[in-house]
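2 protein chains.
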Amino acid sequence: MKLLEDRIRKDGVVLGADVLKVDNFLNHQVDPDLMLAVGKEFYNQFKDSKITKILTVESSGIAPALATAMSFHVPLVFARKHKSLTLKDDMFTATVYSFTKQTSNTIAIAKKFLSADDKVLIIDDFLANGQAVQGLTDIIKQAGAETVGAGIVIEKTFQKGRKMFDDQGVRVVSLARIAAFEDGQVVFADEQDA
Amino acid sequence: MKLLEDRIRKDGVVLGADVLKVDNFLNHQVDPDLMLAVGKEFYNQFKDSKITKILTVESSGIAPALATAMSFHVPLVFARKHKSLTLKDDMFTATVYSFTKQTSNTIAIAKKFLSADDKVLIIDDFLANGQAVQGLTDIIKQAGAETVGAGIVIEKTFQKGRKMFDDQGVRVVSLARIAAFEDGQVVFADEQDA
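Heads up: the sequence lines are chains B and L, in that order.
Just so we're aligned, residue 114 is where the first sequence starts under my numbering, counting upward by one.
Just so we're aligned, residue 114 is where the second sequence starts under my numbering, counting upward by one.
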């Protein structure tokens with residue numbers, strides 16, 4: 114998605130070897146017009162899949178996921194993160210490890226909001242090691258529902274998340290695919306291929 | 114806002130003396146069409162105020178705040194909550210006490226996203242004791258910016274938040290105003306007045 118790649122080039126900040134800071138338009142300050150465009154693009158990519166629900170994890174996933182839900186006119190459900198959680202019968206839960214923060218969180222969704230009839234599209238801001246998306250697919254499996262695919266705003270192709278979902282046969286659509294950071298600059302996968 | 118009052122009557126669950134659960138359409142599962150309508154209504158109410166930025170707190174505030182930012186075509190900034198926070202020079206911070214959870218959080222916004230030129234509209238899902246909105250007004254003051262008003266999805270008029278902002282001269286627009294819970298049913302302020 115050219116609009117997004119241009120924005121990453123303009124406002125993204127590369128930190129160290131593998132971190133891209135996009136708090137200017139995606140995960141602290143949020144550009145609502147860009148989110149609308151992101152939501153429409155995910156709709157175009159998945160519109161034939163009879164999606165019944167959009168799933169994400171708080172907090173950074175909520176903005177792109179809500180914009181996507183607006184295009185589909187289906188409910189968004191966002192999983193809550195808990196440092197520790199007393200297991201409850203009315204919740205589906207999964208453990209998500211954060212490589213960045215080196216901590217584990219439990220993510221949880223009320224059982225009443227996911228059923229075996231649901232065809233679910235996962236939306237998230239980043240795909241790196243794939244832990245958050247994996248947690249959501251686990252929860253969808255617990256509900257007996259179907260993971261139709263995952264829509265990712267920014268993917269880092271050099272980390273292991275993409276391969277994990279390719280191996281599982283989960284369709285992943287990423288709007289910007291970063292192949293590498295070189296001298297503090299972003300190299301997109303489509304440039305590298307070219 | 115009749116659409117919202119009807120939805121609260123249909124899907125809201127009253128728990129005990131003063132809790133309304135709206136996780137079906139507002140703060141766990143989210144109805145994107147309702148959020149669009151909410152955002153348009155806040156736009157109608159504040160469109161003459163030259164708003165430059167929408168401010169909220171993660172996570173439940175993000176959905177109505179993003180929808181509002183879409184109507185205004187101005188950036189949304191959401192404050193992050195931290196259990197503990199090493200104070201940093203590049204952040205505005207405020208302490209927010211939660212009466213429900215009986216814990217304090219620090220909320221923080223990067224200084225680069227708020228400036229003295231900003232005319233800020235605060236958006237939140239609930240107004241009860243007003244602690245979260247108060248924390249945001251504190252941060253806006255630190256930036257030397259102007260709090261134009263607060264747009265609240267659901268207000269509980271019988272708790273102290275509303276009076277606090279009336280006393281401070283902050284314009285508060287609430288789309289549903291709950292005056293009381295009686296026998297597990299919601300009584301809206303406009304019914305009570307009638």
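In short, the hints are calculated from the structure, not lab data.
Among the clues, some could well be false.
Any copy will do: because identical chains look the same in the list, a pair fits if it lies in one copy or spans two.
In silico lysine-lysine, DSSO-like type, Cα no more than 30 Å apart, as pairs [to be verified]:
| id | residue 1 | residue 2 |
| --- | --- | --- |
| 1 | Lys225 | Lys115 |
| 2 | Lys160 | Lys214 |
| 3 | Lys224 | Lys214 |
| 4 | Lys201 | Lys160 |
| 5 | Lys153 | Lys115 |
| 6 | Lys273 | Lys254 |
| 7 | Lys134 | Lys196 |
| 8 | Lys160 | Lys254 |
| 9 | Lys160 | Lys196 |
| 10 | Lys160 | Lys273 |
| 11 | Lys254 | Lys224 |
| 12 | Lys225 | Lys273 |
| 13 | Lys224 | Lys196 |
| 14 | Lys153 | Lys196 |
| 15 | Lys163 | Lys214 |
| 16 | Lys134 | Lys224 |
| 17 | Lys123 | Lys196 |
| 18 | Lys123 | Lys134 |
This one's a predicted model, so the numbers in the text were calculated from it and none came from an experiment.
Original post:
Broken hints, numbered, in rising order?
Top reply: 2, 4, 9, 12, 14, 15 and 17
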